[in-house]
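Enquirer: Below, each chain spelled out in residue letters.
Protein chains: 2
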Amino acid sequence: MAYHVLIMAGGRGERLWPLSRKDRPKQLLSFDDDATLLRRTFLRVRELAADENIHVITSAAIVEQVRADLPELPQANVMAEPCGRNTAPCIAFAASRILARDKDAVMAVLPSDHLIAAPTVFNDALRFAGDVLKAHPELLVTIGIKPSYPETGYGYIAPDQTLTGAGGFELRRVKAFHEKPDEERARGYLEKGYLWNAGMFVWRADSVLAAIAQHLPAMHALLAKTADLDLDAALNGFYAEVESVSIDFGLMEHAANVAVIPAEFGWNDIGSWDALGNILAADDGGNVARGPVRLEESHGNVVLASGKKIVLLGLDDLVVVEGDDAILICPRRRSQDVSRIAKTEAG
Amino acid sequence: MAYHVLIMAGGRGERLWPLSRKDRPKQLLSFDDDATLLRRTFLRVRELAADENIHVITSAAIVEQVRADLPELPQANVMAEPCGRNTAPCIAFAASRILARDKDAVMAVLPSDHLIAAPTVFNDALRFAGDVLKAHPELLVTIGIKPSYPETGYGYIAPDQTLTGAGGFELRRVKAFHEKPDEERARGYLEKGYLWNAGMFVWRADSVLAAIAQHLPAMHALLAKTADLDLDAALNGFYAEVESVSIDFGLMEHAANVAVIPAEFGWNDIGSWDALGNILAADDGGNVARGPVRLEESHGNVVLASGKKIVLLGLDDLVVVEGDDAILICPRRRSQDVSRIAKTEAG
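Chains as they are written, first to last, in my numbering: chain A, 65 to 411; chain B, 65 to 411.
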């Protein structure tokens, strides 16, 4: 029962425009580290899985950059989606390929562009998830983040009774998944002990495929149809027809055998410049500044200079980010609207 | 009695940093016009004076750029100060050189980096000044701008009784020059009909030199000592020893025979980014934008992009200026503090 990992690296990261671009999405950026977020994810999970069992699915646009970023991986372990179809298809496709190689495979599905401040706790949680699958092989396990504030940008997981526990972790049944709430509802979720849905899953490859067969039968049939093709032909054949649907909406919200491991490991999805500003080390004035930056009578700003010196005078709580060919300036509280800008800017 | 013009082009223009730099001060910038402010000044005064009677004094650092910007001028008419010594020395030096060529010279002294919206009125005022010197050759005439608001960044001129008038202009005695006031005092000056001191003068070369002999005798003696040297040797010898003093403080405030012509010709000294924003055409949102700029839910900003696209989201009343190697961001009301930044930035 070997541990496999699927790193999902198809994201476009529009919310970190203009640093993230179509040809350099968030997972290929690095923050306060030489390694990209993708590579940091890879280095983390090497503690769990052998290199030949670490798989990455990404977009055709950046597949060569991903391979160059992870030279330790076999070429065939880096799969390129011909087009984006949300999370369910790529998970289904990878699960079927992993299962073909290892019929007892345990498979963690992880985003490629999140920060984890406590990687040891993170890996312990994933190991615990793998362990519980020995006694409960049918379970679809998700990792739920203990929330620290009523965020409206995440989905929430309502946990139910505890199934088992070990090493400080517990495994709980899932009562329900909830879409992104408004702020009042988010506060209610916190009071009820709901968890953030971070899009991290651990399951046996055969179990998730069985669940896909039940809840997404057309998708499962397409997998069977393309199973005997070589990798690129299979990807092209599958993606040409598969529907676009998220694993949460398509599977997790309907499946009965779903469980969650509540965890805290300094998780942050860097969903906005504001979020990044809350993670990176700030100076005495509360400013997060990287690159050639001069701050005069300015506080609480996030300023990332990549070439020209950026000088702020008498300004607070702004985001200023210099990309290769654009400079974004907005209040930190408007960070969520940056993706709207990114969508209509070339590159 | 030929009309000569001395254009003073030694300014560093720190208040328009980072567009203005040591090697490209304000007078060498252009705004909504192909021509630089210096060249626009030159083109204006060609209506008054023959090219051989138009003189420019600038700094050694930019003299070649100035000559390239004004190719119509004889090389010797563009004089380079070896070092900055405020306005009195360069005026005294130029006056002595002009007098040596034309003992009846009338000489206007004009800044090189101001905008004049109504050049015809401006030239009419200067012509009127030249005319009055025929009857009053001893007068030191200054042009006073009728103020439109209680600016604290300019000196003021208190006019006294009217001496003469013609063509809509009048010539008045000067009661006193006043330093930059605080705002309350500035409001009082407006009520009393005081004028802005724009640093523009018209006088006979022999009269101003006589006044310099009286009020700045050491400076006058230095002129005599270097009078027979060729231009560069004279400049070097004079500037090596001359004291640094403004023409206002060193001469105008002490001289008895001073008069002022009140005038209105859409004058603006572009003393800050905010001032520039008030001059240039704005869009419906009150934004002044030049270059590749995108403004979303943003109003009243001054945004000058010179390369990268600058995107503002949800911000009002800012200055954003991209220079060659620096980007300034500050509230418009802090524009006056930009020179402090410029002084401590390289270039």
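Some hints here could point you the wrong way.
Copies of one chain are not kept apart here, so a pair can be met inside one copy or by any two copies together.
DSSO-like cross-link-like pairs, simulated, lysine-lysine; straight-line CA separation at most 27 angstroms [to be verified]:
no., residue 1, residue 2
1, K239, K210
2, K372, K289
3, K86, K372
4, K86, K373
5, K407, K372
6, K198, K372
7, K289, K407
8, K289, K167
9, K198, K256
10, K86, K244
11, K407, K256
12, K210, K198
13, K167, K239
14, K289, K373
15, K407, K167
16, K198, K289
17, K167, K372
18, K244, K198
Source of the hints: derived by calculation from the structure; they are not laboratory data.
Enquirer: Can you tell me if K86 and K373 fall within 27 angstroms by alpha carbon in one copy, between copies, both or neither?
Expert: both (25 angstroms within a copy, 17 angstroms between copies)
Enquirer: Reference check for the pair K244 and K198, CA-CA at most 27 angstroms: within, between, both, or neither?
Expert: neither (33 angstroms within a copy, 83 angstroms between copies)
Enquirer: Regarding K407 and K256, is the shortest C-alpha distance of 27 angstroms or less found within a copy, between copies, in both, or in neither?
Expert: Neither: 36 angstroms inside a copy, 57 angstroms across copies.
Enquirer: Indicate which option fits the pair K86, K244 if close means a Cα-Cα distance not exceeding 27 angstroms: within, between, both or neither.
Expert: within (26 angstroms within a copy, 54 angstroms between copies)
Enquirer: Is the C-alpha distance from K86 to K372 at most 27 angstroms within one copy, between copies, in both cases, or in neither?
Expert: Classified as both: same-chain Cα gap 23 angstroms, cross-chain 17 angstroms, threshold 27 angstroms.
Enquirer: Please work out whether the CA atoms of K198 and K372 approach to 27 angstroms or closer within one copy, between two copies, in both situations, or in neither?
Expert: Answer is neither: 55 angstroms inside a copy and 56 angstroms across each miss the 27 angstroms cutoff.
Enquirer: Under a CA distance limit of 27 angstroms, which applies to K210 and K198: within one copy, between copies, both, or neither?
Expert: Answer is within: at 25 angstroms inside a copy they meet the 27 angstroms cutoff, but 89 angstroms across does not.
Enquirer: At most 27 angstroms between alpha carbons: which applies to K289 and K167, within, between, both or neither?
Expert: Within one copy only: 19 angstroms inside, 102 angstroms across.
Enquirer: Within a copy, between copies, both or neither: where do K289 and K407 come within 27 angstroms Cα-Cα?
Expert: Cα proximity of K289 and K407: none, with 35 angstroms in one copy and 71 angstroms across.
Enquirer: Checking an output row: K372 and K289, CA cutoff 27 angstroms. Within, between, both or neither?
Expert: neither (53 angstroms within a copy, 48 angstroms between copies)
Enquirer: Within, between, both or neither: how does the pair K198, K256 come out at a Cα-Cα threshold of 27 angstroms?
Expert: neither (30 angstroms within a copy, 93 angstroms between copies)
Enquirer: Within, between, both or neither: how does the pair K167, K239 come out at a Cα-Cα threshold of 27 angstroms?
Expert: Result: close neither inside a copy nor across copies, 30 angstroms intra and 101 angstroms inter.
Checked against the numbered hints listed earlier, the structure breaks hints 2, 6, 7, 9, 11, 13, 14, 15, 16, 17, 18; every other hint is satisfied.
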